[in-house]
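Engineer: So the chains spell out like this:
Protein chains: 2
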Amino acid sequence: MINIAIIGFGVVGGGITEVIRLNKDAIKRATGNEINVKYILDLRDFPDSPYADRVVHDFSVILNDPEVKVVCETMGGVNPAFDYSMQALRAGKSVVTSNKELVANRGVELMAEAKKNGVSYMFEASAGGGIPEIRSMRTSFGGDTITEIDGILNGTTNYILTKMKNEGADFADVLAEAQKLGYAEANPSADVDGIDAQRKIVILTAIATNKLASCDSVYTETMTKITPADMDAAARFGGTVKLLGSSRIDHEKGKASIYVCPTFVPGSCPLAHIDDVYNGIRFNSPVTNDYMLYGRGAGRMPTAGAVVSDVVSVLSGVGAKELPMDWKTAEADFVLPFEENEFSYYVRIKTDSADETVEKAKLVFGDVQLIDGAPCGCVEFITAKIKEKDAAAAFESGALGEIESRIRVM
Amino acid sequence: MINIAIIGFGVVGGGITEVIRLNKDAIKRATGNEINVKYILDLRDFPDSPYADRVVHDFSVILNDPEVKVVCETMGGVNPAFDYSMQALRAGKSVVTSNKELVANRGVELMAEAKKNGVSYMFEASAGGGIPEIRSMRTSFGGDTITEIDGILNGTTNYILTKMKNEGADFADVLAEAQKLGYAEANPSADVDGIDAQRKIVILTAIATNKLASCDSVYTETMTKITPADMDAAARFGGTVKLLGSSRIDHEKGKASIYVCPTFVPGSCPLAHIDDVYNGIRFNSPVTNDYMLYGRGAGRMPTAGAVVSDVVSVLSGVGAKELPMDWKTAEADFVLPFEENEFSYYVRIKTDSADETVEKAKLVFGDVQLIDGAPCGCVEFITAKIKEKDAAAAFESGALGEIESRIRVM
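Line order of the protein sequences matches chains P and F.
Count along the first sequence from 1, add 115, and you get the number used in the working numbering.
Count along the second sequence from 1, add 115, and you get the number used in the working numbering.
Just so you know, the hints here were simulated from the structure itself, not pulled from any lab data.
Accuracy of the hints is not assured; some may be wrong.
Any copy, or any two copies together, can satisfy a pair, since identical chains are not distinguished.
As a list, the in silico DMTMM-like pairs of lysine to aspartate or glutamate whose alpha-carbon atoms are at most 20 angstroms apart [what the hints assert, rightly or not]:
1. K280 <-> E149
2. K143 <-> E367
3. K326 <-> E519
4. K295 <-> D331
5. K231 <-> E133
6. K370 <-> D140
7. K295 <-> E519
8. K502 <-> D140
9. K443 <-> E336
10. K340 <-> D308
11. K143 <-> D365
12. K368 <-> D405
13. K295 <-> E454
14. K370 <-> E263
Source: prediction; values computed, not measured.
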């Protein structure tokens with residue numbers, strides 16, 4: 116019998132007790148032990164829970180109990196989660212977390228503290244819920260270097276974009292419905308403005324490079340401006356629009372381009388077919404060469420399952436040994452300035468004279484590829500690759516007329 | 116510096132030396148060591164290879180050298196690969212393999228021998244090439260039980276089916292082209308008759324259950340009878356035809372249904388969008404609940420990369436610790452008789468009187484769902500779920516008229 120504690124008894128924290136109960140046999144087979152949830156730390160009491168007698172309100176009870184080997188931190192937010200985690204690590208307890216905000220902001224210190232104390236800091240559930248992409252990156256690419264990451268990293272926005280695609284519906288209407296169904300928060304900004312995806316792509320990039328970039332250095336564009344007309348154009352182009360978190364890594368130069376933005380994804384890319392609340396993460400590397408994981412990026416049970424798989428790993432004596440991670444805070448110039456990246460763009464321009472507009476566009480973009488079936492009074496095309504800063508200058512100059520929409524192409 | 120040996124210097128064996136050279140830095144970061152290929156066992160000499168001086172023809176040289184810690188077996192076939200692997204394990208060397216035929220047939224003994232000697236027997240590359248599905252199953256479901264596996268497990272047949280779908284081409288023509296391009300063997304039976312996929316689904320089922328079924332107990336249907344008319348019907352149905360290896364596991368009863376057959380896959384399933392030589396493996400489990408891996412299932416570098424990731428795992432001190440595997444030979448009745456499984460069927464029947472045929476079909480199948488746009492003189496429908504033996508009896512009775520095609524639906 117191995118004792119653990121859960122700190123933060125919300126959706127994920129509650130799910131952990133359920134996963135441990137459901138998969139008792141599998142856990143025993145994997146670790147040779149049963150897991151006992153000895154303490155649950157929360158501000159609230161849970162008089163009707165079968166775990167009511169485990170609830171404590173004082174973290175020091177957990178900290179000072181040498182029987183507690185692993186602390187599952189599912190509180191969310193940077194503080195007090197950071198302080199509690201550091202104290203637990205210093206006390207020789209491994210810490211497992213689902214807290215992406217904490218990992219994305221303070222992962223360097225937490226990992227160093229774990230190493231110092233010979234314990235593990237594990238965070239599979241923090242990026243991609245039930246998708247084991249962190250373990251995959253740590254163990255399966257042991258003989259390889261990841262150079263590209265593209266991910267649908269947020270289930271709420273993917274649900275919204277899927278509904279918009281299938282029903283031709285407006286963003287605002289779908290969001291309102293998603294909020295009613297509990298798929299989107301009352302304040303949806305963290306999802307729809309890309310902040311959640313930003314934290315996750317920062318974490319994934321750190322696993323590939325051992326350098327934790329500052330979240331602020333990641334260009335992040337909201338998906339709230341995507342319209343049914345955009346989805347329709349993407350469909351005619353043979354793909355769809357997804358909110359992607361992307362990373363392009365130059366290991367030799369020690370630099371990365373990292374950004375989150377709505378993106379035209381061609382149908383030939385498997386990410387285009389990942390719908391509803393599902394997430395997908397695609398990797399490229401010289402050897403493994405194009406590899407994707409797909410699954411439930413969020414939700415009570417999948418996320419709790421990822422936490423428990425980390426606990427199992429720690430108890431099996433594997434834990435952080437899987438691949439020694441030794442994150443450093445990235446240098447200030449680690450992330451390339453966004454405007455230096457090159458993209459193709461989807462562009463829709465209001466015009467009375469399509470031919471003239473296309474001629475003007477060719478002067479700016481070199482070559483353009485027209486999309487058939489543009490809405491009345493509009494022309495639509497895909498540009499050749501152009502530096503972000505040059506594209507932005509062209510769009511802002513007004514020389515191309517009234518630009519209804521512009522979306523980067525994968 | 117850690118010394119390893121490669122036995123079998125073919126496509127994959129050669130790739131291993133290349134991956135080790137390419138990813139020297141990443142390997143050193145992961146293991147704290149460099150890997151040195153000390154010996155290469157092959158019947159041939161390779162005078163022009165930079166590794167010419169490592170080539171030996173006598174396995175005992177490797178066996179008796181205590182400096183060799185890991186043997187990479189990329190010979191293929193059951194013998195002498197089995198004998199060499201057993202000898203290496205007994206000599207206290209870990210063995211890493213890409214040999215699916217060996218693992219599917221003798222995995223139980225090899226794993227037991229490894230355990231007895233405190234070393235690892237690892238086989239990530241044996242099912243799914245560059246896709247790390249074995250490691251995923253072993254580590255990421257530590258807190259969960261896998262109940263369903265569906266996989267596109269063979270790149271050659273997926274390439275053929277993709278070409279048939281995109282070009283409306285015949286099987287025979289596409290096969291001939293694939294052979295010319297080197298994507299298909301001169302004798303393509305292992306691929307197109309499902310034998311390769313059979314071995315892989317047996318391995319994947321063993322990882323989920325710890326029971327190694329006999330390959331002979333797995334119903335396996337060729338995909339050579341799939342026609343352009345079938346692909347066209349699948350497209351009208353909103354999906355496509357894929358050769359799937361499938362497993363449905365009842366952990367409580369300790370039974371599994373395992374089969375390989377061409378299958379109608381609806382467009383809503385991400386497997387429908389995995390094209391060309393790519394493989395995809397979808398898992399279901401109560402907690403993680405729908406999870407898929409996608410990548411290169413074969414090929415020199417991805418497969419060699421998977422071998423090297425196993426070597427890295429062994430050298431990191433993780434190896435078989437990831438999840439203790441203790442395969443037993445499955446009981447004779449572990450695999451449920453195929454005819455007891457239930458499937459929906461796609462059916463195309465030649466008829467002058469569609470209405471009459473549909474009425475007859477309803478008598479057999481309860482309900483049927485017509486597919487619009489059937490070829491002239493044919494009717495096409497999807498049946499309700501029916502026991503395989505009842506479906507087979509109905510198809511063979513002749514009561515439904517001339518059945519042009521019948522394909523199980525996922």
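Engineer: Flag every earlier hint the structure violates by its number, smallest first.
Structural biologist: Hints 1, 3, 4, 5, 7, 8, 9, 12 and 13 are the ones this structure does not satisfy, whereas the remaining hints hold.
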